[in-house]
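Number of protein chains: 2
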Amino acid sequence: MILIELTKRQETIIDIVKNHGPITGERIAEMLSLTRATLRPDLSILTMAGFVEARPRVGYFYSGKKNADLFGDALARMRVSDYQSVPIVVQETVSVYDAVVTMFMEDVGSLIVLKERFLQGVVSRKDLLKVAIGGGNIHELPVNLAMTRLPNVITISADASLYDGAVLMMRHQVDSLPVTPKRLESGENVEVIGRISKTTITRAFVELGQYHEI
Amino acid sequence: MILIELTKRQETIIDIVKNHGPITGERIAEMLSLTRATLRPDLSILTMAGFVEARPRVGYFYSGKKNADLFGDALARMRVSDYQSVPIVVQETVSVYDAVVTMFMEDVGSLIVLKERFLQGVVSRKDLLKVAIGGGNIHELPVNLAMTRLPNVITISADASLYDGAVLMMRHQVDSLPVTPKRLESGENVEVIGRISKTTITRAFVELGQYHEI
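Listed in order, the protein sequences are those of chains A and B. Residue 134 in our numbering sits at position 134 of the first sequence; the count goes up by one each step and never skips. Residue 58 in our numbering sits at position 58 of the second sequence; the count goes up by one each step and never skips.
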């Protein structure tokens, strides 16, 4: 994928095609007082980018495809499975205190809570902080009293796009998502194979701008 | 900005120019057994995108400009000042308990700690959780004993790019940055005019893919 800044002329051509299409290249050239040859590269670029479509013997017409759809195409290719990190898990019976210790030792912002090997819930720093200042005995309270539990846990499947993960985190106001092998059906026992978080998205955002050869 | 997927032929042209440049359009056409006219749109696109440069009477040569540099150009245009949110602040003398309450009421992951109106430090959920399970009296301990304090606070100026903010958060492993009116000099009293966090970056990432007219 490459990024190209549209020239003023190319933007004008899009407007002309939008308002007058279908329209021939000759007619566009006339309206801009340019030769057809001068216009040819611009029309190629706009056609390739999907802004306008060319039909033989009819002319150019506006495709309705927008700039950011194209950006979206690029983002949609980034898969959760390419960016997920190792899930840090605890059993649902561990104490709040032990969960906090695990969180600090692993330096993560949330833990995935399991019953045997199946997802039961997710517990965040925020959940644990709420309990910790609540005055209860954090050495005795089990973590499953502090967690968000199924079916309220938002998960994402490994084959989804990272972009969808970002959308889910914003929509549901959570900082991380457990990654499941496939889309989770309600009531199903599911194993967790990874996690993504807002840190994952921030890393991907940084990568977008990093130097790499095509 | 528009995104274009390079065709196989365009990638081949880049390789030819890389290996044989400076090279004329005629010679490239010959190597590909194509006419010069067929090649013209491809060469226009590659020139516009900055992959190859054209010099009259010399030919095309490889610019060394890479794909992601171009992505970077787009990201570099997103300014901190366009994305920052309101800073949630507490005075350095408030208790850890009151800081936690503010954090929950405002639903933020970190607070900016001031002395009068000047930046003293930043305190995160992680910092407060550490103190909360430490067993001290959180109603008496002041927040400035739990915070990261100057000069160790990582800040960003409002005119920096959001991209630089993301890089700083990844490099220093922090979840948010106070935004200052200008670059912070050491020892200087500074007011805080905003904050960005990994949530801000996730929101920007989502926006990148959203539909909007050019």
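Hints may be right or wrong, so weigh each one.
All copies of an identical chain are treated as equivalent in the list; a pair is satisfied when it fits inside any one copy or across any two copies.
[Stated by the list, open to error] Dumping the calculated SDA-like pairs for lysine to any residue here, alpha-carbon to alpha-carbon at most 20 Å:
| hint | residue 1 | residue 2 |
| --- | --- | --- |
| 1 | Lys-8 | Leu-168 |
| 2 | Lys-8 | Arg-77 |
| 3 | Lys-115 | Gly-21 |
| 4 | Lys-18 | Thr-47 |
| 5 | Lys-182 | Gln-120 |
| 6 | Lys-130 | Asp-98 |
| 7 | Lys-126 | His-139 |
| 8 | Lys-130 | Val-94 |
If you are wondering where the hints come from, they were derived from the structure by calculation, not from laboratory data.
Hints, one by one, checked against the model:
no.	hint	verdict
1	Lys-8 <-> Leu-168	neither (37 Å within a copy, 35 Å between copies)
2	Lys-8 <-> Arg-77	between (30 Å within a copy, 18 Å between copies)
3	Lys-115 <-> Gly-21	neither (62 Å within a copy, 63 Å between copies)
4	Lys-18 <-> Thr-47	within (13 Å within a copy, 26 Å between copies)
5	Lys-182 <-> Gln-120	within (16 Å within a copy, 47 Å between copies)
6	Lys-130 <-> Asp-98	both (15 Å within a copy, 13 Å between copies)
7	Lys-126 <-> His-139	both (18 Å within a copy, 19 Å between copies)
8	Lys-130 <-> Val-94	both (17 Å within a copy, 18 Å between copies)
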